[in-house]
Amino acid sequence: MSQLIYLDNAATTQVYPEVVEAMIPFFTEHYGNPSAIYSFAGEAKKAVDEARRILAKGINGKPEEIYFTGGGSESDNWALKATAEAYADKGKHIITTKIEHHAILHTAEYLEKKGFEITYVNVDENGMVKLDELEAAIRPDTILISVMAANNEIGTIQPLEEIGRIAKEHGVLFHTDAVQAYGHIPIDVENMNIDMLSASGHKLNGPKGIGILYIRKGVKIRSFIHGGAQERNRRAGTHNVPGIVGFGKAAELAFNSMNERIAYETKLRDYLIERITNEIPYTRLNGDPVKRLPNNANFCFRFIEGESMLILLDQQGICGSSGSACTSGSLDPSHVLLAIGLPHEIAHGSLRLTLSEKTTKEDIDFTVDQLKKIIERLRSMSPLYEDFVKKQGN
Amino acid sequence: MYSEKVMDHFSNPRNVGEIENPSGVGTVGNAKCGDIMRMYLNIDENGVIQEAKFKTFGCGAAVATSSMATELVKGKTVQEALEVTNKAVMEALDGLPPVKVHCSLLAEEAIHAALWDYAEKNGIKIEGLEKPVNDIEEKIDDEDY
Chain W
1 MSQLIYLDNA ATTQVYPEVV EAMIPFFTEH YGNPSAIYSF AGEAKKAVDE ARRILAKGIN
61 GKPEEIYFTG GGSESDNWAL KATAEAYADK GKHIITTKIE HHAILHTAEY LEKKGFEITY
121 VNVDENGMVK LDELEAAIRP DTILISVMAA NNEIGTIQPL EEIGRIAKEH GVLFHTDAVQ
181 AYGHIPIDVE NMNIDMLSAS GHKLNGPKGI GILYIRKGVK IRSFIHGGAQ ERNRRAGTHN
241 VPGIVGFGKA AELAFNSMNE RIAYETKLRD YLIERITNEI PYTRLNGDPV KRLPNNANFC
301 FRFIEGESML ILLDQQGICG SSGSACTSGS LDPSHVLLAI GLPHEIAHGS LRLTLSEKTT
361 KEDIDFTVDQ LKKIIERLRS MSPLYEDFVK KQGN
Chain E
1 MYSEKVMDHF SNPRNVGEIE NPSGVGTVGN AKCGDIMRMY LNIDENGVIQ EAKFKTFGCG
61 AAVATSSMAT ELVKGKTVQE ALEVTNKAVM EALDGLPPVK VHCSLLAEEA IHAALWDYAE
121 KNGIKIEGLE KPVNDIEEKI DDEDY
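Protein sequence lines, in the order shown, are assigned to chains W and E. Just so you know, the numbering used here puts 309 at position 309 of the first sequence, and the rest follows in order with no gaps. Just so you know, the numbering used here puts 58 at position 58 of the second sequence, and the rest follows in order with no gaps.
Looking at chain W on its own, in the form it has when it is part of the complex (with noise of 0.2 Å):
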């Protein structure tokens, strides 16, 4: 394969050259433990702080509210359950959405096994949370809201400052699960309520294996990891200094590019769903046409499946992912299409693909091109096409 075109970049994303030199140190150099009391940690130690500034910054938050983690998953996993935990005095009810990422819903589901109660908010047809369904969701008992910030699939952003508004008026906690949203659109803990948000670093060019829970201050969740006395005796674990080193660094320059980069992903974005909703008949956009992140298209195209079409894809270098079934490995394609609403036969037929600032309109070009022939000749093939057809001209 000559050429590689990578249009997943919700799935992870390149590790930045300049990433990767920032974290190369605390790998050879400063290898110290930022625990340890002698000045040769001093280097690393400095190091995790002027990240967790950065990391910080980026959300209005301060550096004391962020705690690191091993990822996005964990910081979800941690938000959920040690709020469940240091709150069932006050109520055993949460809330949350139907297009959740699974570190959200399979924590709610484990929750809901330990007696929880948890109320699943639906999305309109866009995607978007119903927000009249989300407050009268509230009752006495209820302790967490937890609503993503973006949806990983079809990329709707939600109304964060009403949500918070909502949660606050309320005096319930309000958890985001931002990892596919931090550093790549604007959101502001304060202006938005938010007293506990989910990022990682790998979405934005860093590493992987190492994520951020925001925790705003006096929000009383405890340990999820026990242990060592790091993280302010709230996470356990000798700390990840190159990872936490290369998230800082990646998200200093997505938030420094931040504008340029919402600015011309928006603008390829849009170029790309006009050229395949144009040219592809029986097709649909899945996702807010306008609240959406910047580098998220996805689509269904109607009496296909799309692991075929991942897989023709694939042989000609281009990355994208699918909400079907086959490429979940079970027999429902992606819960966020059956939630908006589409019927299972068209959300088997669905394409991700996730561009980058290092997407070129040639790229965009070329995969409409392959695009447009894959479908063709899978629909040559499918017999709801041939039904379909012969229906027409009856």
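Bear in mind the hints are in silico, worked out from the structure with no lab data behind them. All values reported here derive from a predicted model rather than from experimental measurement. For every residue, glycine included, the Cβ atom is placed at its ideal position computed from N, Cα and C. Hints may contain errors.
Said to hold, decoys possible - Listed next, with one range per pair, are the computed distances between beta-carbon atoms:
no.	chain 1	residue 1	chain 2	residue 2	range
1	E	E4	W	P159	46 to 56 Å
2	E	G17	W	I225	56 to 66 Å
3	W	K390	E	P98	35 to 45 Å
4	E	E4	W	A88	47 to 57 Å
5	E	P98	W	R139	40 to 50 Å
6	E	G123	W	D124	52 to 62 Å
7	W	A86	E	A88	55 to 65 Å
Claimed, not checked - No more than 30 Å apart at the CA atoms, straight line, and that leaves these computed lysine-lysine pairs for DSSO-like:
no.	chain 1	residue 1	chain 2	residue 2
8	W	K46	W	K208
9	W	K391	E	K5
10	W	K217	W	K81
11	W	K361	W	K373
12	E	K74	E	K121
13	W	K57	W	K391
14	W	K57	W	K46
15	W	K62	W	K217
16	W	K98	W	K208
17	W	K390	E	K32
18	W	K267	W	K291
19	E	K76	W	K391
20	W	K81	W	K130
21	E	K32	W	K372
22	E	K87	W	K390
23	W	K391	W	K373
24	W	K372	W	K361
25	W	K220	W	K92
26	W	K373	W	K267
27	E	K76	W	K45
28	W	K130	W	K267
29	W	K45	W	K62
30	W	K130	W	K291
31	E	K32	W	K113
32	W	K130	E	K76
33	W	K62	W	K46
34	E	K121	W	K373
35	W	K372	E	K5
36	W	K390	E	K131
37	E	K121	W	K391
38	E	K5	E	K76
39	W	K358	W	K372
40	E	K32	W	K98
Fit chain E to the known structure of chain W by using the hints.
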């Protein structure tokens, strides 16, 4: 995740298409679970399958098993075609990932459905052929996937 043979039959599927006025045609699977196979057979007066074609909505394994199933039944008698089991299809493809085994069951079922249609049209009974289920999931429901 797929064997070379599966990739070959997915990338260059054999016998894709329709047959006008086939001796038998059967459609199995459902769109809900993401796989539908339709198999067309032309069977001569001696009960030999002269032509087999398919159309499939589904994943790479679904296409590959359909393609291999049509290859395996071509030239066989109706009785011989009944012996083309899902295992035979899988073996011919050098195996399938565990989560894709249901695709080979679907291919076997598609052969049976087309043969059933042929038997009904001709008012004959094919020994050992049971009425195929429309929805393959009914059959494999109890198995652990």
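Comparing the hints with the structure gives:
no., hint, in the structure
1, E:E4 <-> W:P159: 46 to 56 Å, "holds (50 Å)"
2, E:G17 <-> W:I225: 56 to 66 Å, "holds (58 Å)"
3, W:K390 <-> E:P98: 35 to 45 Å, "holds (36 Å)"
4, E:E4 <-> W:A88: 47 to 57 Å, "holds (55 Å)"
5, E:P98 <-> W:R139: 40 to 50 Å, "holds (44 Å)"
6, E:G123 <-> W:D124: 52 to 62 Å, "holds (55 Å)"
7, W:A86 <-> E:A88: 55 to 65 Å, "holds (58 Å)"
8, W:K46 <-> W:K208, "holds (22 Å)"
9, W:K391 <-> E:K5, "violated (35 Å)"
10, W:K217 <-> W:K81, "holds (18 Å)"
11, W:K361 <-> W:K373, "holds (19 Å)"
12, E:K74 <-> E:K121, "holds (20 Å)"
13, W:K57 <-> W:K391, "violated (59 Å)"
14, W:K57 <-> W:K46, "holds (16 Å)"
15, W:K62 <-> W:K217, "holds (9 Å)"
16, W:K98 <-> W:K208, "holds (27 Å)"
17, W:K390 <-> E:K32, "holds (21 Å)"
18, W:K267 <-> W:K291, "holds (14 Å)"
19, E:K76 <-> W:K391, "violated (34 Å)"
20, W:K81 <-> W:K130, "holds (25 Å)"
21, E:K32 <-> W:K372, "holds (25 Å)"
22, E:K87 <-> W:K390, "violated (34 Å)"
23, W:K391 <-> W:K373, "holds (23 Å)"
24, W:K372 <-> W:K361, "holds (16 Å)"
25, W:K220 <-> W:K92, "holds (16 Å)"
26, W:K373 <-> W:K267, "holds (24 Å)"
27, E:K76 <-> W:K45, "violated (74 Å)"
28, W:K130 <-> W:K267, "holds (28 Å)"
29, W:K45 <-> W:K62, "holds (17 Å)"
30, W:K130 <-> W:K291, "holds (15 Å)"
31, E:K32 <-> W:K113, "holds (29 Å)"
32, W:K130 <-> E:K76, "violated (59 Å)"
33, W:K62 <-> W:K46, "holds (16 Å)"
34, E:K121 <-> W:K373, "violated (38 Å)"
35, W:K372 <-> E:K5, "holds (26 Å)"
36, W:K390 <-> E:K131, "holds (27 Å)"
37, E:K121 <-> W:K391, "holds (24 Å)"
38, E:K5 <-> E:K76, "holds (22 Å)"
39, W:K358 <-> W:K372, "holds (23 Å)"
40, E:K32 <-> W:K98, "holds (20 Å)"
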